[in-house]
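Participant: Listed below are the residues making up each chain.
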Amino acid sequence: GDSVTQMEGPVTLSEEAFLTINCTYTATGYPSLFWYVQYPGEGLQLLLKATKADDKGSNKGFEATYRKETTSFHLEKGSVQVSDSAVYFCALSDQAGTALIFGKGTTLSVSS
Amino acid sequence: EAQVTQNPRYLITVTGKKLTVTCSQNMNHEYMSWYRQDPGLGLRQIYYSMNVEVTDKGDVPEGYKVSRKEKRNFPLILESPSPNQTSLYFCASSLFSGQIPTKNIQYFGAGTRLSVL
Chain A
1 GDSVTQMEGP VTLSEEAFLT INCTYTATGY PSLFWYVQYP GEGLQLLLKA TKADDKGSNK
61 GFEATYRKET TSFHLEKGSV QVSDSAVYFC ALSDQAGTAL IFGKGTTLSV SS
Chain B
1001 EAQVTQNPRY LITVTGKKLT VTCSQNMNHE YMSWYRQDPG LGLRQIYYSM NVEVTDKGDV
1061 PEGYKVSRKE KRNFPLILES PSPNQTSLYF CASSLFSGQI PTKNIQYFGA GTRLSVL
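As you go down the protein sequences, you meet chains A and B in turn.
For the first sequence, position 45 matches number 45 in our numbering, and the numbering has no gaps at all.
Count along the second sequence from 1, then add 1000; that gives the number in our numbering.
These are calculated hints, taken from the structure and not from any lab test.
Some clues are possibly wrong.
What the hints assert, rightly or not - Quick partial rundown of chain A residues pointing at chain B, CB under 7 Å, derived from the structure:
#1 L46
#2 T98
#3 F102
#4 G103
#5 K104
#6 G105
What the hints assert, rightly or not - Pairs of lysine-lysine, DSSO-like flavour, derived with a Cα cap of 27 Å:
#7 A:K60 x A:K77
#8 B:K1057 x A:K104
#9 A:K52 x A:K68
#10 B:K1017 x B:K1057
#11 A:K104 x B:K1065
#12 B:K1018 x B:K1071
All residues carry an ideal CB built from backbone N, CA and C; glycine is no exception.
Please model the entire structure based on the sequences and the hints provided.
Facilitator: Structure follows, in structure tokens:
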């Protein structure tokens, strides 16, 4: 079945450091890919999405490119801030289109 | 303001005592869904609903029930809670409108943290 694998955390960075969180997926067909972010005590919010190969999603300085040849959707940000501290989830839309399949989440902690 | 509202936010209960977690959305979304989040497992879908009176099982439906009598509400019912249902629960909704719902943006509630003793 469909699945998402993302790097285990926690990831600890200093402010202004470069961030990469790896995400790879297994799916049949052409799923849509998402990054969701969960701030402490809150629900998940969509960070960015991509719906087809080579699409680049971007938002708030974060970017991810849908790479079909490597089945990857890595999240990057050039300069993280303390306010980026959160849990990040990579997800895909399953083949039936009725569920999101989530990775286990990566906790990011940014210190000043 | 567009939102998905879950209640309660926190709940401690005992084994076997029936409970309901409510979920309401004000965006006129057709699709609604329940997930549970457990450490090291990410989020897993419990049930989903494509529209009023249309519900179906997700990956982990055992021990749960749902209903969709109105478009805006999608309550999660635990008839006889057990300790393995201790978890963080999220409700989500999105537009359907003939397209695949999970390709659309999912809006999540703030979560309900449930402890079953």
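Participant: Run the structure past the numbered hints and jot down the numbers of the failing ones, going up.
Facilitator: none
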